[in-house]
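From first to last, the protein sequence lines stand for chains A and B. So for the first sequence, this note's numbering puts the first residue at 1; every next one is plus one. So for the second sequence, this note's numbering puts the first residue at 1001; every next one is plus one.
FYI, nobody ran anything at the bench for these hints, they're computed from the structure. A couple of the hints might just be wrong.
[Claimed, not checked] Cut-off 27 Å, straight-line C-alpha distance, at most; resulting in silico cross-link-like pairs (DSSO-like, lysine-lysine):
#1 B/1325 to A/428
#2 B/1107 to A/218
#3 A/215 to B/1107
#4 A/56 to A/314
#5 A/56 to A/207
#6 A/206 to A/387
#7 B/1107 to A/206
#8 A/56 to B/1244
#9 B/1325 to B/1107
#10 A/56 to A/215
#11 B/1107 to A/56
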Amino acid sequence: MDTLILSRIQFAANISFHILFPTITIAMCWFLLYFKIRHDLSGHPVWMRIYRFWVKIFALTFALGVVSGITMSFQFGTNWPGFMEKVGNIAGPLLGYEVITAFFLEATFLGVMLFGMNRVPNWAHTLATFIVAIGTTLSAFWILSLNSWMQTPDGYEIIDGVVYPLDWWKIIFNASFPYRLMHMLLASGLTAAFLIAGVSAYRLLKKDAKLAPRKSLKSAMAVAAILIPIQVWVGDMHGLNTMEHQPQKIAAIEGVWHTEKGAPLVLFAWPDEATKTNKYAIEVPRLASLILTHDADGEIKGLNEFEGAHPPVKPLFFGFRIMVGIGVLMLLVSWTATWLLRKNREMPVWMLRVQVLMTFSGWVATLAGWYVTEIGRQPWLVSGVLKTAEAVTTVPQQNVALSLAMYLVLYGLLLAAYLQTIFYMARKSTEVEEFSLSELQNQEHTMTTAEHRA
Amino acid sequence: MMTTSWIVEVFLFLMGLAVLIYAVLDGYDLGIGVLLPMDEVEHRDQMIASIGPFWDANETWLVLAIGILLIAFPHAYSLVLHELYLPAAILMLGLILRGVSFDFRAKAVTGHRTLWDRTFKAGSLIASLTQGYMIGRYVLGFENSLAAEAFAALSAVCVTAAYAYIGGAWLVMKTEGELQRRAAVWARWSGRLAAVGIAAISIVNPLVSSTVAERWFSFPGAILLVPIPLICIALVVAVDQYLKHVPLQNDMGCWFPFVGVAALFLLSFFGLAYSFYPDVVPGRMSAAEAASAESSLRFIGVGVAIVLPMILAYTAYSYRVFWGKSTKLKYY
């Protein structure tokens, strides 16, 4: 394997590992803010219990995100020097704004958020949580702006082979950015919601029938039930936008080999690049045209129009179906769960098991979607501006192979440790940290009596 | 296209500032990782508690320094990371291990705690050594020779010692009792090693580079520069004498070693910067040659001008919140 393919694998491994953690923390911080505000308004200690449990998982996830993110920024220089040399004038400031506006906000206020509760007034602690949430979201804003610019570049000129900025507004708010940002933020919301629900269900299954896991499960499922239809809608708009700007990506996703009108929706098939056909296809006639052009006879451009310049078909075709499949599952599960949980009813055991199985469903869907978007840009690194092969380093391949092996081992170990720790914390909390429901009610009772006397 | 505007100088200054702040702030928490005693659980907990609320933000200065190199000097960025490919990967390994074990240890199964402490120590050691090695290679413009490698190895050891020095000084400031006394001893030993390192670099640099030699020893600049090494020597001696008597009555001046070592870092850094200015890679590339487009620098410059003072202000705020002797680390 040469330096190019090794570098691509290494970058894919790095970004896949990295993206797992921000996907959780971006939205989880808003969940934490919600828990904290519920506590501040109601004074009910159970919300503080929930906050304290999840803030620890947040901190752990955040740490993994930070360290793997530092690795990412080094990779631009170590493996893709051509990227910074050609488009550094645009990528640099966008990454820079991420660091100065988002990263510092998060990292600095995290200290107060995690350890400062008894050192600052309560409002300042809630404010710190809010600032960290703003920070995580801003960070997504800048990174997705850069990524979207690489997909649909705008607002630049090329002088002597180097890209120069012309209009920062067009660069930041490029054609695909709003859709991609919304899609990612919602994905984060769903990932965090299913993680919270899954771990809470796990605690309930471990006979921790206390208030905290029940309340957090219910909050998480309610959020997911609301977000998932919005995600379907945003996803649809994102698809239309992609068809306008990157039709070759859509052709690969849908498995359309030849331009056609009234294209069928391929539910499943085995795309075969050699014969340029879909084997074993199960199709719904004309549905793809209907979805993508909002007209049953609409025309969809096929891969034949992008000969030699379209992305590989299989990863996009399957990646997209995995993402959508999980989305459908999320819809079914969150709506069923919300219906089952109405009026504080108990969740049946089978549903708790489903929740546990779905704990990391957001990760799988996000990764699948991310592969579709990133592989879908190939062979370009920056669409129409810079090819991936032109940006790669000239470092000897054995060095890249060595660093790749090191990263893979490390990431495997860390992922195992992360998963083990989360479930260990869930089990531990069932033993010690919980209020029992009756205790709480007693407490509330005493509080109201005290108020009466006053 | 060459960008020759004053804005390049501003970014060069900012990058230097970020590196300096990083060296002091992440320096002390790396140092604490290096010093982590494997014989005493209680001390380990206290030491880690003393950096708990800070390390995340400390590490961010590295991201800023690397970020400015990447944003403002993309050509230098490519050159540096091409030359230092493997050390950079190993540095990442160290930083990752260190960063995660910090959080894992607080949450792990009780029996795994010692394992994560070892990982924390190993990660800190790897990160410090590779940083020192990279600085050593960088200072000599990535020259490929046995002597250059030996110099880089010396630099690795001395930078690690310098981090341990400031880490020990931090502990003297933030802890009490037995641990404080132990920290003073550690700081004295690592301080001596660090002083050897500073002296070695000060001697080697003008020997290998005629530009550097000319700058330091030509008249009249030399007269203005003489105080720098003198103040450095005075600081090393004063800090050492203070550490010898720790703790003083009522723990008077417990902040002194930390401030003293930070000042030493500042002066050494100034020395290096003065030697190489305006090169962004010594002897290989000047800041102007490496700079990115002026319009890009202006765009990010606006953000930096607004945000950097805020970052400094809220960093100061978070240090004030956690002022004083550190208490038991507890997640609230």
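Results for each hint:
At most 27 Å may separate the alpha-carbon atoms for a hinted pair to count; residue 1325 of chain B and residue 428 of chain A exceed this at roughly 30 Å. The hinted pair formed by residue 1107 of chain B and residue 218 of chain A meets the criterion: a straight-line CA distance of about 25 Å does not exceed 27 Å. With a C-alpha separation of about 23 Å, the suggested pairing of residue 215 of chain A with residue 1107 of chain B holds against the 27 Å cut-off. Proximity of residue 56 of chain A to residue 314 of chain A is assessed by CA-CA distance (about 39 Å); at most 27 Å being required, the pair is judged violated.
Simply put, residue 56 of chain A and residue 207 of chain A have alpha-carbon atoms about 22 Å apart, close enough for the 27 Å limit, and the pair holds. The suggested pairing of residue 206 of chain A with residue 387 of chain A is violated, with an alpha-carbon distance near 52 Å, which exceeds 27 Å. About 19 Å separates the Cα atoms of residue 1107 of chain B and residue 206 of chain A, which keeps this hinted pair within 27 Å; it holds. Of the pairs offered as hints, the one joining residue 56 of chain A and residue 1244 of chain B is violated, with about 40 Å between alpha carbons and a cut-off of 27 Å exceeded.
In summary, the hint linking residue 1325 of chain B to residue 1107 of chain B is supported, as the alpha carbons are separated by about 24 Å, within the 27 Å threshold. Taking the CA atoms of residue 56 of chain A and residue 215 of chain A, the gap is about 18 Å. The hint holds against a cut of 27 Å. Under the criterion of a C-alpha separation no larger than 27 Å, the hint pairing residue 1107 of chain B with residue 56 of chain A is consistent with the structure, at around 8 Å.
Of the numbered hints listed earlier, those contradicted by the structure are 1, 4, 6 and 8.
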